[in-house]
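K.L.:
In case you want the letters, here they are:
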Amino acid sequence: MGEHEHYQPSLTRLASLATSRSSLMSSLMKLYREREGMDDEQLAAFLECDPGALPRLALCRRPRQAPDFRGDIEAIAAHTGADPSRLAKMVRAAEVHEALSAGGTAGGPSILMAARDHEDPAAEEDDTSHSGEATEDDSR
Amino acid sequence: MKCTPEEYAFHQRVLARDPVAFSELAEWLYASLVRDTGRRARSRSGNAVDMTLVEEAVGEALLDYNDAPERYDPEQATLHAYLVMAAYRDFQNAASKERRHAQRQITLAGEDSAQIDVPDGRSELDNLLNRISAEEWWSLVESTFSEPADRQLVIMLANGVRATESYAKVLGITGLPTEEQAREVKRAKDRLLKRLKRLGESHDGRT
Numbered sequence: 001m002g003e004h005e006h007y008q009p010s011l012t013r014l015a016s017l018a019t020s021r022s023s024l025m026s027s028l029m030k031l032y033r034e035r036e037g038m039d040d041e042q043l044a045a046f047l048e049c050d051p052g053a054l055p056r057l058a059l060c061r062r063p064r065q066a067p068d069f070r071g072d073i074e075a076i077a078a079h080t081g082a083d084p085s086r087l088a089k090m091v092r093a094a095e096v097h098e099a100l101s102a103g104g105t106a107g108g109p110s111i112l113m114a115a116r117d118h119e120d121p122a123a124e125e126d127d128t129s130h131s132g133e134a135t136e137d138d139s140r
Numbered sequence: 001m002k003c004t005p006e007e008y009a010f011h012q013r014v015l016a017r018d019p020v021a022f023s024e025l026a027e028w029l030y031a032s033l034v035r036d037t038g039r040r041a042r043s044r045s046g047n048a049v050d051m052t053l054v055e056e057a058v059g060e061a062l063l064d065y066n067d068a069p070e071r072y073d074p075e076q077a078t079l080h081a082y083l084v085m086a087a088y089r090d091f092q093n094a095a096s097k098e099r100r101h102a103q104r105q106i107t108l109a110g111e112d113s114a115q116i117d118v119p120d121g122r123s124e125l126d127n128l129l130n131r132i133s134a135e136e137w138w139s140l141v142e143s144t145f146s147e148p149a150d151r152q153l154v155i156m157l158a159n160g161v162r163a164t165e166s167y168a169k170v171l172g173i174t175g176l177p178t179e180e181q182a183r184e185v186k187r188a189k190d191r192l193l194k195r196l197k198r199l200g201e202s203h204d205g206r207t
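Going down the list, the sequences are from chains H and L.
For the record, in the first sequence the residue sitting at position 65 is 65 according to our numbering, with numbers rising by one throughout.
For the record, in the second sequence the residue sitting at position 112 is 112 according to our numbering, with numbers rising by one throughout.
These are computed hints drawn from the structure, not numbers from a lab.
The beta-carbon is built from N, C-alpha and C at its ideal position, and this holds for glycine as well.
Hints are not guaranteed to be accurate.
[To be verified] If we take Cβ atoms under 10 Å as the criterion, some of the chain L residues that face chain H in the derived model are: (1) Val14; (2) Arg17; (3) Glu24; (4) Glu27; (5) Tyr30; (6) Gly38; (7) Thr52; (8) Leu63; (9) Ser143; (10) Phe145; (11) Glu147; (12) Ala149; (13) Ile155; (14) Ala168; (15) Gly172.
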């Protein structure tokens with residue numbers, strides 16, 4: 001039996017490799033961690049999920065824009081055990097960072113709304129009920 | 001249809017951009033893909049393969065599939081076979097690149113090193129040591145070599161120790177005939193130096 005039979009692949013390594021793929025949550029999580037100065041433990045605490053669930057989260061597709069945003073967030077939250085409103089908040093904040101670091105105003109109003117959500121604690125509560133979808137709709 | 005019903009269901013979800021489909025698929029297939037790609041690589045090469053390269057190749061194949069799932073045709077192959085084939089191709093490319101690189105570079109320490117043309121007169125290991133801080137070096141060694149014996153051998157290599165018997169002691173093979181000791185020591189050095197070389201390359205890639 002060779003060495004490879006004992007080799008243990010790790011989804012954490014796959015999640016790390018995935019940070020270069022913009023279609024996945026991994027890239028947003030990396031950006032958010034860097035900008036907020038968080039490590040994995042802190043990010044998991046913020047999302048109210050187990051740190052062991054972070055690789056699963058990293059391999060989820062980024063939520064689509066409205067009208068799919070809220071449904072996608074809820075599906076990802078259910079898959080990872082994360083809190084949906086915290087997850088939405090992280091996604092919005094990371095998208096703001098992403099747009100700003102791209103140097104443009106490509107996101108237009110939706111970026112401004114996302115920035116508002118990120119800074120307004122009330123938005124966190126709102127997201128669980130309706131604002132996640134409403135914000136996306138408003139931005140159109 | 002070659003793919004299994006379960007694979008087909010996953011494939012449809014990935015095509016539909018289901019946000020959790022790829023994550024679930026990766027959890028389901030990743031370990032078996034790494035295992036089977038490793039087996040394939042080993043059976044083709046007839047040698048031991050670097051499983052970290054295999055795992056990276058599988059990761060790239062999976063991520064490529066997620067980026068362009070329409071390239072996969074369920075009529076032609078199972079999803080598992082398609083991904084193993086893609087990963088094996090990536091692995092071959094990475095391994096060839098490494099071999100080409102190794103041919104151009106020095107082989108570092110060891111009895112043969114004096115006969116090798118070293119462009120700048122230093123070993124690749126020396127180059128790595130010169131590029132990073134001592135703290136960074138220890139951190140790399142700690143995180144890369146989990147076996148205490150490997151760490152000790154790496155430290156000896158870094159310090160330019162050449163005596164075969166010193167390495168044989170660490171390897172616990174002093175009871176073997178001298179020739180066999182030399183072979184085992186060379187094998188261990190080659191293995192560690194190969195990893196150090198890769199470490200240097202990935203360090204360069206990050207900086």
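K.L.:
Are the hints correct? Go through all of them and say.
P.N.:
Quick rundown of the hints versus the structure:
{"no.": "1", "hint": "Val14", "verdict": "holds (9 Å)"}
{"no.": "2", "hint": "Arg17", "verdict": "holds (6 Å)"}
{"no.": "3", "hint": "Glu24", "verdict": "holds (7 Å)"}
{"no.": "4", "hint": "Glu27", "verdict": "holds (7 Å)"}
{"no.": "5", "hint": "Tyr30", "verdict": "holds (6 Å)"}
{"no.": "6", "hint": "Gly38", "verdict": "holds (4 Å)"}
{"no.": "7", "hint": "Thr52", "verdict": "holds (9 Å)"}
{"no.": "8", "hint": "Leu63", "verdict": "holds (5 Å)"}
{"no.": "9", "hint": "Ser143", "verdict": "violated (13 Å)"}
{"no.": "10", "hint": "Phe145", "verdict": "violated (15 Å)"}
{"no.": "11", "hint": "Glu147", "verdict": "violated (13 Å)"}
{"no.": "12", "hint": "Ala149", "verdict": "violated (16 Å)"}
{"no.": "13", "hint": "Ile155", "verdict": "violated (23 Å)"}
{"no.": "14", "hint": "Ala168", "verdict": "violated (22 Å)"}
{"no.": "15", "hint": "Gly172", "verdict": "violated (19 Å)"}
The structure fails hints 9, 10, 11, 12, 13, 14, 15 (numbered hints given earlier, in ascending order).
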